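Between the sequences and the hints, there should be enough to build the whole structure, so can you do that?
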Amino acid sequence: MKKSKWQIFTNGIFKENPVLILLLGCCSVLAISVTVQGALGMGAALTFVLVGSNVVISLLRKIIPDKVRIPCFIVVIATFVTLVEMITEAFLPDLYSSLGIFLALIVVNCIVLGRAEMFASKNSVGDSFLDGLGMGIGYTVVICAIAVVRELFASGTIYGLRIIPEGYQIGIIGQTPGGFLLFGVAMAVLIYALGKKGKKFDPRIGCDGSCGNCNLGCENRIQDIKKEEETEVEK
Amino acid sequence: MNRLTVSVSPHIRSGNTTQKIMLDVIIALMPALIVSIILYGFRSLLLTAISVATCVLGELIFEKLLHREVTIMDLSAVVTGILVAFNVPVDMPIWMLVVGAIAAIILGKMIFGGLGCNFMNPALVGRIVMMFSFTTAMTTYRVPVGTVDALTSATPLAVMGNLDWSNFKDLVLGIHGGVIGETCCVALLAGGIYLIIKKVIKPIIPLCYIGALMLFTWILGGPQPILSVFAGGVFLGAFFMATDYVTSPITNWGKVIFGCFIGFITAVIRVFGNYTEGVTFAIILANILVPYINDLTRRKPVGAIVEKKGKKVKAND
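Taken in sequence, the protein lines are chains A and B.
Under the numbering used here, the first residue of the first sequence is numbered 1, with each subsequent residue one higher.
Under the numbering used here, the first residue of the second sequence is numbered 1, with each subsequent residue one higher.
Just so you know, the hints here were simulated from the structure itself, not pulled from any lab data.
This one's a predicted model, so the numbers in the text were calculated from it and none came from an experiment.
Among the hints, erroneous ones may be present.
Label-pair distances were calculated between CB atoms; the ranges are [what the hints assert, rightly or not]:
no.: 1; chain 1: B; residue 1: 116; chain 2: A; residue 2: 63; range: 56 to 66 Å
no.: 2; chain 1: B; residue 1: 288; chain 2: A; residue 2: 117; range: 28 to 38 Å
no.: 3; chain 1: A; residue 1: 168; chain 2: B; residue 2: 207; range: 38 to 48 Å
no.: 4; chain 1: B; residue 1: 140; chain 2: A; residue 2: 69; range: 54 to 64 Å
The beta carbon of each residue, even a glycine, is placed where N, CA and C say it ideally should be.
This is the structure we're talking about:
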C-alpha cells in the first residue's frame, strides 16, 4: 500500500508519533520538558536536524554502501547537529545554555537515526523531507504539551507568564518522577484518541509490512514464517 | 426434611471480608488519632477527615468515570486516607494534603486496578509525592501543645545524637515534633497488638523490622540503636504500612526477609543518608521486591519431586 504525501506527513504526528508510539528519543523529552521555552527550542533544533539529515541521506541512499551505512548516517547527522549547535550558541546563547548537553546529544537521538534507517534510506527525497518534517513536528508537539503541564504545575508559569501564584506549586511534577508520569499519561491519551469506536488502537511499531529486518515477532511475521514453513514442507 | 444440598466449593467460608479487616485496621489506628488530637489539637482531626474524604471521593469519582464497580464500601480508601494524614505535620496546608491524598489514591492504587493490584503502599506514594513537592512544609514540625506552644522543632531523629535515655518517656509517649500519627509509640503499639490479637496481621514483619533496625543501626555504628527505634515513623511503618496485605510477601519466610530488608535499608538511610528518616523509602523499596521474595520463598507442594539438576519444583500428579 503506497502512502499519499499527506499520509507520510501526518504519520509522524499521530499514527507513528516518534515519542509516544515509536518510543524513541524519550531521554530528551523527559529532561527538556521542564520549561516550554526549552521544549520549543529543542523541538525546533531536532526538526531541523531531522529534515536535513533525512534529505541528505535520501539523496545519498544509492551511494552509501550497505555495510557501512550507520557510520555514514552518523556523519551526516553529526554535521547538522554541529551546525545547529554553532548557530544556537552564536544567536541564542540563553537557549544554548538551558539545553546544555542535550543539544549535542541529538547526534545519538534515536529518532534521527531511526528515521534515517527506516525511511530516508529507502525513499525518495521529497518523501523523506515530508517524513522528517512530520516526525519533527510530532516530537515538538509532544514535548511542548508535556512542558506546558510541567511548567504550569511546577513553576506556576507558562512560557514565563505567571498563572498560578507563588507558593502553590507541586514540585514533583517538575522533577523526574513527574516527567515519567506525564509521559505515560500522554501516551495513554494519544492511544485512546487514535482508537476507533469500540476498537483500541494497535501501535504496531513502525511497521511498513516489510518484515525483512524486523525481529519483533508480531502476528503477521509469525504467520509469514508459518506459511514459509508450510510451502517448504509441501515441496 | 433430609435433603442433600449440592453446592459448588468452597464449602468452608471465613467470615472475614475486606470490609471487616479494614474496619479492624481503622479501629487499631484510633488510639494514635486520639493521641494526636491531644498532642496537636483538633487540627489533626480536621486533617485526617479531609484526607479520608479526598481518598474516598477520589476513588468514587475514578470508578464512576471508568464505569467500574464502586468499591468505596470496602473501607480501604478510608484506611489510606487516615494513613496519608498520619504522615503529614500538623501545620501542613490543606491543599497540599489534598494533593497528597489524590496522589495516594489515584497514582498509588486506582491506576493499577484498585485494591489488590497496587504494587506499592498507596499512603506511602502520597507521602513521597508530598515530600518531593513540599519539602519545607513536610519537615516543619510543631512541638505538641502543653509544652512550648507553636514552636517548630526538628524530630528527635534529626538530632539523633541527642537521643538520650533521660527523655525516654517523652520519646515513647510522643511528646516531641513529628508528623501527626507517628510520634506516640504506645498508641501505635496498642493498635498493632489489637491487630495481632484479631489475627489481621502476623507479628512477623513488625518484629523482624524492629529487630533488624536495632541490629543494623548497631552494626553500622548509628547512635543509640535501641532508642532510635522509638523515634521517627518506625512503629507506624512497622505495624500499619509494612504489613499491608497487598504489598507484603505471603510466605512466612518471605515476611522475615521483607522485615529484615526494610530494617536494613532504614538503618542505612538513617546512618549514611541525607534524609533523616528512611522508613518510607525502605518500605517502598521492599514493596517493589515483594514478587521476587514471594517467588524465592515458595513452599514445595506436598509430594513434589525436586529435579536433581534443575532447581524447578514440579508437582507430582
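We went through each hint and held it up to the structure:
Our hint of 56 to 66 Å for residue 116 of chain B and residue 63 of chain A holds, since their Cβ atoms are close to 60 Å apart. Distance hint check for residue 288 of chain B and residue 117 of chain A: the Cβ-Cβ separation is about 36 Å, which falls inside the suggested range of 28 to 38 Å. Separation of residue 168 of chain A from residue 207 of chain B is about 43 Å and conforms to the stated range, judged on CB atoms against 38 to 48 Å. Between residue 140 of chain B and residue 69 of chain A the beta carbons are some 59 Å apart, a value that agrees with the proposed interval 54 to 64 Å.
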